[in-house]
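Peer 1: Residue numbers (this note's numbering), protein chains in the order written: chain A, 8 to 404; chain B, 8 to 404; chain C, 8 to 404; chain D, 8 to 404.
Bear in mind the hints are in silico, worked out from the structure with no lab data behind them.
Just to be clear, a hint being listed does not mean it is correct.
If several chains are the same, the list does not tell them apart, and a pair holds so long as it fits within one copy or across any two.
Pairs of lysine-lysine residues, derived as BS3-like cross-links and limited to a Cα-Cα distance of at most 30 Å, are as follows [said to hold, decoys possible]:
no., residue 1, residue 2
1, K143, K225
2, K225, K159
3, K370, K268
4, K143, K159
5, K143, K370
6, K268, K143
7, K159, K370
8, K225, K370
9, K225, K268
There are 4 protein chains.
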Amino acid sequence: MRISTRLYVHEMLDGRRRHGGLFLAADAVICTLILLNVAAVVLETLPGWSDRYGNWFLGIELVSVFIFSIEYLLRLWSCVEDRQHDYRHPVFGRLRYAVTPLAIIDLLAVLPFYLYFIIPVDLRILRMARLIRLLKITRYSPALRSLFAVIKGESRSMLGAVMLMSIAVLLASTFMYGLEREAQPEVFGSIPQAMWWGIVTLTTVGYGDVTPITPLGKVFGALVTLFGIGIFALPTAILAAGFARELGKQDFVVTVARVAKVPVFHGLDPVILAEIAALLTPMQVPNRYTVLRRGEEGSALYFIIQGQVEVGLPHGAVDLGPGEFFGEMSLLSGLDRRNATITTLSDCQFLVLEAPDFQELAKRVPELRERFDEVARRRAADNRFASAAGKSAQSGD
Amino acid sequence: MRISTRLYVHEMLDGRRRHGGLFLAADAVICTLILLNVAAVVLETLPGWSDRYGNWFLGIELVSVFIFSIEYLLRLWSCVEDRQHDYRHPVFGRLRYAVTPLAIIDLLAVLPFYLYFIIPVDLRILRMARLIRLLKITRYSPALRSLFAVIKGESRSMLGAVMLMSIAVLLASTFMYGLEREAQPEVFGSIPQAMWWGIVTLTTVGYGDVTPITPLGKVFGALVTLFGIGIFALPTAILAAGFARELGKQDFVVTVARVAKVPVFHGLDPVILAEIAALLTPMQVPNRYTVLRRGEEGSALYFIIQGQVEVGLPHGAVDLGPGEFFGEMSLLSGLDRRNATITTLSDCQFLVLEAPDFQELAKRVPELRERFDEVARRRAADNRFASAAGKSAQSGD
Amino acid sequence: MRISTRLYVHEMLDGRRRHGGLFLAADAVICTLILLNVAAVVLETLPGWSDRYGNWFLGIELVSVFIFSIEYLLRLWSCVEDRQHDYRHPVFGRLRYAVTPLAIIDLLAVLPFYLYFIIPVDLRILRMARLIRLLKITRYSPALRSLFAVIKGESRSMLGAVMLMSIAVLLASTFMYGLEREAQPEVFGSIPQAMWWGIVTLTTVGYGDVTPITPLGKVFGALVTLFGIGIFALPTAILAAGFARELGKQDFVVTVARVAKVPVFHGLDPVILAEIAALLTPMQVPNRYTVLRRGEEGSALYFIIQGQVEVGLPHGAVDLGPGEFFGEMSLLSGLDRRNATITTLSDCQFLVLEAPDFQELAKRVPELRERFDEVARRRAADNRFASAAGKSAQSGD
Amino acid sequence: MRISTRLYVHEMLDGRRRHGGLFLAADAVICTLILLNVAAVVLETLPGWSDRYGNWFLGIELVSVFIFSIEYLLRLWSCVEDRQHDYRHPVFGRLRYAVTPLAIIDLLAVLPFYLYFIIPVDLRILRMARLIRLLKITRYSPALRSLFAVIKGESRSMLGAVMLMSIAVLLASTFMYGLEREAQPEVFGSIPQAMWWGIVTLTTVGYGDVTPITPLGKVFGALVTLFGIGIFALPTAILAAGFARELGKQDFVVTVARVAKVPVFHGLDPVILAEIAALLTPMQVPNRYTVLRRGEEGSALYFIIQGQVEVGLPHGAVDLGPGEFFGEMSLLSGLDRRNATITTLSDCQFLVLEAPDFQELAKRVPELRERFDEVARRRAADNRFASAAGKSAQSGD
């Protein structure tokens, strides 16, 4: 059975379909274009370059707009295939996709160019608008995405820190205005002017273009600087705590409570649960990680504690979520293990049970064996798995 | 039964009574006034603005003083209704309230204006005193309050850091005074003068208005700067650890020990406790969070581990604290669930037991069922709950 | 029975003997003198002050030397009474005490004054040497002591960070020397000169007295500054982790393993241990904290997990360490509870068992009752406790 | 039986063979030479020093090259003896070693000198290349190595931070270029020029050589600086979290799950496992730590949780890894305890069981006794241990 072109395009743009080389090529082209654009915007301002290399810069611009426009339209066309979000409706689903931050950036990357032909706008503003294309790169950087996640997670505290820093700047500047106004009317003549000193000093930039010169001003300035350290340390401190929590989440531990929440272990005797917990190893993998590859010989059971994985079969896929398990499927279910590639759809936490440990456990606790057998029977009868297996069987891979 | 006007006013000012729109309007008015005041103080100092927009600035001042005065008097009048602190005595209770930091700020926000008519004071100092009104905004920002909590929690270490930084500044300045005194008598002529260099350098502000010029001074200055980094990193480091602890508190775990401390589970067999622990989910909510809203269909039991909640009934309220539980009350107690809104009175930690899990647990452990039934009987007979229920019945909502 | 004068003086100087007011007065006098000294050293350098207030400065110096000398001699005389360290030998014990950092600071605080009369030394160096007295204040600041503990605990990593920063400064300066040497021979003429730029830039002080001016120098300078941020962030990062660990130590948890290590619970059935663990509450107190005060009605048992406490009786004291317990002593031992004040001799961790919980536990586990009774019998027969109790009985307080 | 010279040299260079004094001498010579080289490179640039002390500098250079060359060749010759990595093949093993970072640094430390005689190169570049020798020192500093480990562990986040900082610099500079271009064409005339301001400001260096002067530029500059603090705090925050995780790893706890994974305890009753867990103490030691020294009387069993140790016998060694145990070997195995020195081959985590606790445990749980006896029998028959013991017996030490 053939996969629809739209799904193929969607998976390619989404970085899910890695084989074929096409994806990597598309990725490389877009990333290269983004960097070329940034270089063009920056270098165009060098004296003489605009005249000398103007054609090159224009060429980059035209190629960029052409490719980014096609990319945007392809994304809009294929977004209805997205399985993680519900964009299925041909009109409203696409509208919902079009207002996501990444889609808006994709639009803004090309819109100014087209607007230029409709309404006359200053060419220089247009030029700077091209820097927005730089933000497209966040789509390709997991590191940037995880940074944004931490910053967003701490946004409430960060907002408080910004308020506190603003209050500190305001109070420091007002008092310094009172102290230095008469001595330096040209730089401390009003509170807004004094705030330039306040921000430059409290952020420890310290250009030195504006400094207090009266003794009282110096004493107050010294005290403000000293205490300002505590307040302007807040963003660093908040982010450090946020990162520490993020890392801590990765080092999750196997507890009896966690094991007891896996459905297949539900309601087992606590003593047996403690034994199972002792056999399980925690495992943490990022989004888009390939846990098992088609053809590899896996020899462990993976219980999903958090996140979603995709069981990829040659011409279709089944998603599994928390509480479900995979691996060693030939033993446990009707799925043809040799054809399954498991990739994560989000950051995931697994508990891993090695095959020998499972065999030993199953021998000692017949009840557990029965439970796994029942899941296997249920999966074999399950439409999701059956159809996937069926497709696989028909394709004859 | 009608609620007293004073209680109504108190709850409105305290942000507890959110319905009616009035509260939000009052909040918005006060916050807008505060920001207008700050803007007025800042803009008044711009050359010419004071003359041109003087009437506007005066208007803002008069309206602010009028509204802040009324707000202060209303707070003073209604504070006796406060349930979290004991301000019940008409005179001493109000005095106790009047000396809390927030009440003092409220007073200082209007006092200078009235004092101006009694004792003549420099108009410019009066103007700056209006910046104190900015501090009123802390009442409305939970983010700022939680920042203050962390800073306060680490105040002992922060004090030590300030001492260490002062010692570093003092020693560095004294030695630099000895090294640069002769080369630059106009800026290193005395230790207090050298301390300006010391603070500006060690805080890494580095204006550049005063720098060592002798070779020895430069070597010493370089070493001081290098080692100063360690000492002036202390505030950031301390606050980072404080925030990490704060976040860590939020991720509290369900342990058998924690479950065993809930009175209704007290003395149960450890094996059963371990089973219960496996079924409970931790939940952390900030102050003033509405856990259950009147009319919502809740289907879980919440055990309070830390903090206080208010069970709000149409014309009255009952407070619950650590060890008590709420939710699914129609099953467990005489309280009319459909009328109860649960809001937190402080940061709270709950353990949540889903209804189906509870039903299953109760079936397997009859002893537990009996305990919950007994609590239900006791609550039905309890005056607090009975009167609340009674009021509810009489009002006929 | 009378306490020896030497022990009394030792305890007074050590901050252990808080009653009588004398201790606080001595503390206040020494702290005031230290601050006066610092003020004198700083202010003396102001033009004219030395002439005008010379007598005052001289007076402060003479009084300081007099009091600090007496303090030093008293400490040396009474140190043999120290129970935490073994300074008992009249000569070698005192020598061992004399070479501790605090004792050396005490000596250096007065020695330069006396040396002045023996060997002629520059008066200005003598003056600065008086700043060493500032370090005496660390003895009185628990916050400073705990900061030093964290810094010392991370000293290995901090040393590594200093090495890495030095390497970064050296490499950056050498390359910048190569790039800017010809353009600015007066400030980049040699590597040592370029290092002034390197340190001022990498520490982000940025005076602006020396900046690269060639295009290549600016590009390299910008890159160095950007990557330098990572390296010069190390001290903050290391200290933040150190403080986080320090705070984490304070939030220690009750585990069965911890409970099983308390001798009185040793070898109990694990199920009973788990029950006991569920009843115990962790408690963390700093050094010199008074856990129970003479006359207070305590109603809990404290098991010492870490640290040392002193059971203070009117005219003597008994020390207890990890594994031992105190509180509710009238029930458990021959000690007269009403006369015992418990103060910590170090940072301590306790597990607290409330009296009602203890009673219930003892009823259900007769074996535990017997163990406590046996400890009580043993304590009654124990010389340490008996003599203390005996002294108490004789004194007839 | 004699140890081969090559193994002896390898162990000496690797810091494993500490006796004999030779190793320390070699270490000291190389470290001294490195520091002398750095000093020479730095001081040579001082005006006049090159002429005056030229012979000294040349001498240092020749001695350095001689010794570093010999060191490099010895390392290359003896690397085939390395037991941690597989460099056994005389040609390919040595090639694999030659491309490790440390081996490349060793080569680069001497190569430029020899190249100078082949191809003419600027003497000044040659001079700077000598600074590479400074990197050789990382081999001798465990503190630096652990810093690198943390930085490497966080490299993904650090890369994201560098990207975010670059984006921030680019956007800030481009906008400032738009705002200040006309007012200050000489310093904001192009985006690359404006980026000098952007980096100097956002890193808070703030030389003050380029500052915005238009009102709009100042407002934008102030905002950029304020928000830049959050972005440029990321490296510190990331590293702080990394160090906190590193420290957290060191404070590992004894859990039943951890104990259950030690093979000798595998499959024991959970209640017995809990008892054993209560008796075990966690212990964390760095690489190259000597746990037990030949001749010392150890009285505890060490179970290896993580890392590798070397059981050093007079003329040979056996390695042990996770799951294995050592100590009290006379009781448990055929190894002659008195001759065994245990040193760690990596950072290690042990669980320590004191001898009396072991004896008591073995009495109560006969099954455990049998298991240890069986391991002892197996070890006695094991070739690794037998041959080691045999060698020891033959040597007759």
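Peer 1: Using 30 Å as the alpha carbon limit, work out where K143 and K159 are close: within a copy, between copies, both or neither.
Peer 2: both (19 Å within a copy, 27 Å between copies)
Peer 1: At most 30 Å between C-alpha atoms: does K143 with K225 qualify within a copy, between copies, both, or neither?
Peer 2: between (47 Å within a copy, 29 Å between copies)
Peer 1: Check K225 against K268 for me: Cα-Cα at most 30 Å, and say if that holds within a copy, between copies, both or neither.
Peer 2: neither (63 Å within a copy, 57 Å between copies)
Peer 1: With identical chains treated as interchangeable, where does the CA-CA distance between K268 and K143 reach 30 Å or less: within a copy, between copies, both, or neither?
Peer 2: Classified as neither; 40 Å inside a copy, 47 Å across copies.
Peer 1: Pop the pair K225 and K370 into one bin, within, between, both or neither, using alpha-carbon distances up to 30 Å.
Peer 2: Answer is neither; intra-copy 80 Å and inter-copy 71 Å both fail.
Peer 1: For K225 vs K159, is the C-alpha pair at or below 30 Å within one copy, between two copies, both, or neither?
Peer 2: between (38 Å within a copy, 28 Å between copies)
Peer 1: Could you place K370 and K268 in one of the four classes (within, between, both, neither) given a Cα distance threshold of 30 Å?
Peer 2: both (22 Å within a copy, 19 Å between copies)
Peer 1: With 30 Å as the alpha-carbon cut-off, assign the pair K143 and K370 to within, between, both or neither.
Peer 2: neither (54 Å within a copy, 56 Å between copies)
Peer 1: Pop the pair K159 and K370 into one bin, within, between, both or neither, using alpha-carbon distances up to 30 Å.
Peer 2: neither (48 Å within a copy, 44 Å between copies)
Comparing the model with each numbered hint stated earlier shows that hints 5, 6, 7, 8, 9 do not hold.
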